[in-house]
Amino acid sequence: MAQQNDEHLTTEQLSAFLDKQLSPQEQAVFDAHLRTCPQCQYNLADLQRTIALLRALPQVAVPRSFMLPAQPALVPAGSDSQSRRVPLDNSQRVKRHIFRRSFGALSTIAAVLGIVFLLAGFFSALPHGGTSSATSSPTYPSNQGATSGKTIGTPGPLEPHSTQPNGAATPASHAPPPSTGQSLPPVLNISTPEGKDGIGILLLVLGILGLIFFRRRREDTT
Amino acid sequence: MAEQAREDEALLVARSQHGDVNAFNSLVLRYQQTTYNVILRMLGDPDLAADITQDAFLAAFRAISSFHQGSSFRAWLLRIASNLACDHWRRTNRHRVESLDLLTDEDEQPPANLLTSLAETNPELNPEESLLTSELQQLISRGLQELPLDQRIAVILCDVQGLSYEEIASTTETSLGTVRSRIARGRARLRSYLYKHRELLPRSYRLLTDRE
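These protein sequences, in sequence, are chains A and B.
Note that the numbering used here has the first sequence beginning at 154, numbered continuously upward.
Note that the numbering used here has the second sequence beginning at 7, numbered continuously upward.
Each hint should be verified, as a subset may be incorrect.
[To be verified] Just so you have them, the derived chain B footprint on chain A, three or more residues with Cβ under 8 Å: (1) 166-176; (2) 190-203; (3) 206-212.
Keep in mind that the hints were calculated from the coordinates and are not lab data.
Heads up, the beta-carbon is just placed ideally off N, CA and C, and yes, glycines get one too.
Given only the sequences and the hints, what does the whole structure look like? Please build it.
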């Protein structure tokens with residue numbers, strides 16, 4: 154049996170040759186070699202026979218129908234373990250799809266607004282040497298957010314919501330330093346005008362969490 | 007696939023993505039035979055293949071929103087199906103030792119003269135309708151199940167189901183080069199397996215006659 158040298162075609166080459174997966178140049182080179190090499194001719198024929206046997210395997214008829222039952226209990230999207238979704242019909246499915254898209258958009262907006270509020274609070278606090286509890290550092294640890302969040306709860310002069318740092322800076326100068334730290338966690342979600350930093354941090358954290366959650370959901374359905 | 011059929015399919019997929027089970031069932035009818043056959047050839051057991059085929063369609067419907075219109079639905083569906091089949095195989099064959107029949111991925115071939123003497127021309131065998139005996143079918147099936155999973159899928163998709171390299175790459179989420187390599191090695195391994203069990207081959211089928 155002849156030793157396989159560089160000139161002989163490997164099984165992978167022969168296989169690709171048969172499937173016409175080679176470049177035209179390679180195809181031509183191999184074709185030329187095959188014309189003069191009995192060994193490779195034999196190998197090729199051998200491979201062809203194996204493929205022919207595989208191709209001759211019949212398609213087996215399905216033993217039964219695999220159609221799905223047309224019941225609303227079927228969930229067309231979303232994983233089963235992580236989300237407990239109510240049974241869906243068409244309109245609900247579309248609504249959920251829109252909701253999911255909006256959720257992502259809202260999370261992004263929340264995060265951006267959070268940053269804006271933080272900057273507003275930061276700039277407004279600068280002339281006052283950072284009397285507010287959550288102003289000086291641009292970092293946003295979540296407990297700091299919680300602390301300043303509590304300060305938002307203290308009733309104070311209403312300030313108009315503003316997304317412009319400059320506009321917010323002026324009224325912010327009148328903001329009283331937080332004195333009593335009343336913990337009103339449920340109130341945090343209601344946007345009170347003061348404590349831009351608190352709102353900012355809160356929005357940013359919510360936005361980031363929302364985006365993470367949103368992305369994870371998308372991955373789950375893939 | 008004809009343009010019209012492609013458009014019809016895109017519509018069915020879109021409606022499925024909106025929760026239309028009837029539309030999805032049209033897709034099931036269209037692809038259930040292919041899906042079942044792929045899983046059957048991968049696992050060898052008809053009842054098991056039926057169960058996993060059902061699971062595959064359920065999973066596909068649940069995940070239909072993740073399908074990107076414009077790509078091959080068949081490839082996407084078969085990806086789900088083959089993954090489920092692989093999962094099952096790995097779960098139930100964890101302790102299975104890779105066949106020690108000295109089958110390697112290398113170019114192991116039977117000696118040329120021996121095969122030549124085995125090969126027989128059979129004038130009665132009409133190549134156009136070369137029906138394999140059930141024994142031979144079983145032998146090939148067993149040979150397929152001896153292949154490593156990645157080679158098995160590649161050979162089944164290419165030679166048994168006739169998918170293109172591109173679609174196989176999409177189904178297995180690999181490159182064309184990897185597909186090419188796996189198909190070649192799978193075929194070579196199967197050839198060695200058939201040669202090794204050639205005494206089981208009916209005399210007239212020992213290496214089908216080549217027709218040019």
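Problem set entry | Hints breached by this structure | Violated hints: none; all satisfied.
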